[in-house]
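Please model the entire structure based on the sequences and the hints provided.
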Amino acid sequence: MSLPARVLDTLYQAYGPQHWWPAPTRFEMMVGAILTQNTAWTNVEKALEKLKSEIPTLEASTLLALPPERLAELIRPSGYFRLKTGRLRALCQWFVDAGGFECLDGRTTKELRHDLLGVYGVGHETADSILLYGFERPVMVVDAYTRRIFSRLGAVTPEIGYEPLREWLEAGLGTKDRVSRYNELHALLVRHAKISCRVRPDCASCVLCDICAYSGSDEAIPEA
DNA sequence: AACCAGGAGACAT
DNA sequence: ATGTCTCATGGT
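For the first sequence, our numbering gives the first residue as 6, with consecutive numbering after it.
These are computed hints drawn from the structure, not numbers from a lab.
One or more hints might be untrue.
[Claimed, not checked] Here are the computed distance ranges between Cβ atoms for each label pair:
1) V212 to K57: 18 to 26 Å
2) T162 to C108: 37 to 45 Å
3) E78 to E168: 50 to 58 Å
4) T180 to E59: 38 to 46 Å
5) Y85 to K181: 34 to 42 Å
6) R183 to G21: 17 to 25 Å
7) E54 to E168: 33 to 41 Å
[Unchecked claim] Subject to a maximum C-alpha distance of 30 Å in a straight line, what follows is the list of computed DSSO-like cross-link-like pairs (lysine-lysine):
8) K199 to K55
9) K199 to K57
10) K199 to K51
11) K55 to K115
Every residue, glycine too, gets a C-beta built ideally from N, C-alpha and C.
Listed below in structure tokens is the structure:
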């Protein structure tokens with residue numbers, strides 16, 4: 006079995022299903038994807054809560070109608086609030102102009118990806134998160150945890166680019182149940198990263214040690 | 001009290 | 001193509 010598949014099985018055994026993304030609606034999922042950029046999820050939760058206290062049914066058009074100043078104030082706890090105000094508005098503008106899910110759901114994954122990457126504030130990871138968790142398209146998400154964990158397992162170099170790593174992961178996960186498997190793997194990697202596997206000396210009893218190329222050796226793990 | 005957190009864009013090289 | 005700087009809050 007491929008390494009990505011073994012990691013998925015191992016983490017699933019250890020932590021169980023994660024049923025991501027943790028959002029009640031598809032649109033809130035997209036908002037969360039912007040807010041969580043380089044930011045702890047606990048801070049995003051505070052921002053989302055304040056947002057929803059003002060706008061109970063979180064919709065793109067309603068969000069756009071809000072004065073940018075007010076929006077910035079509401080999402081402040083998520084950090085980078087001035088930047089993210091512009092990014093959220095850009096995402097909402099795109100969403101509304103495109104006709105919402107009604108129209109977007111009919112598009113191909115390639116079209117959506119190209120479109121999303123053209124939106125201000127949406128990079129590779131945010132686009133792929135939205136595709137996988139918001140549109141249930143078979144696209145693996147690569148984040149800092151993903152790169153760190155697989156490079157510390159000795160599977161890839163820390164410098165590997167976003168696309169090469171995504172393609173390597175997707176190739177290793179086979180063609181069956183791609184959406185649910187990509188979903189679980191990414192969510193499990195995040196869950197696992199928060200618990201262990203940060204620094205090697207702390208990694209003595211990590212559930213991935215059986216798979217790790219470095220376990221039992223003194224060779225230094227290359228830092229990202 | 002430094003360090004980090006589910007990145008992306010502008011800009012220089 | 002690749003590297004560096006900036007953006008900001010809240011928890012350890």
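Okay, which hints does this one fail, numbers in order? 1, 3, 11
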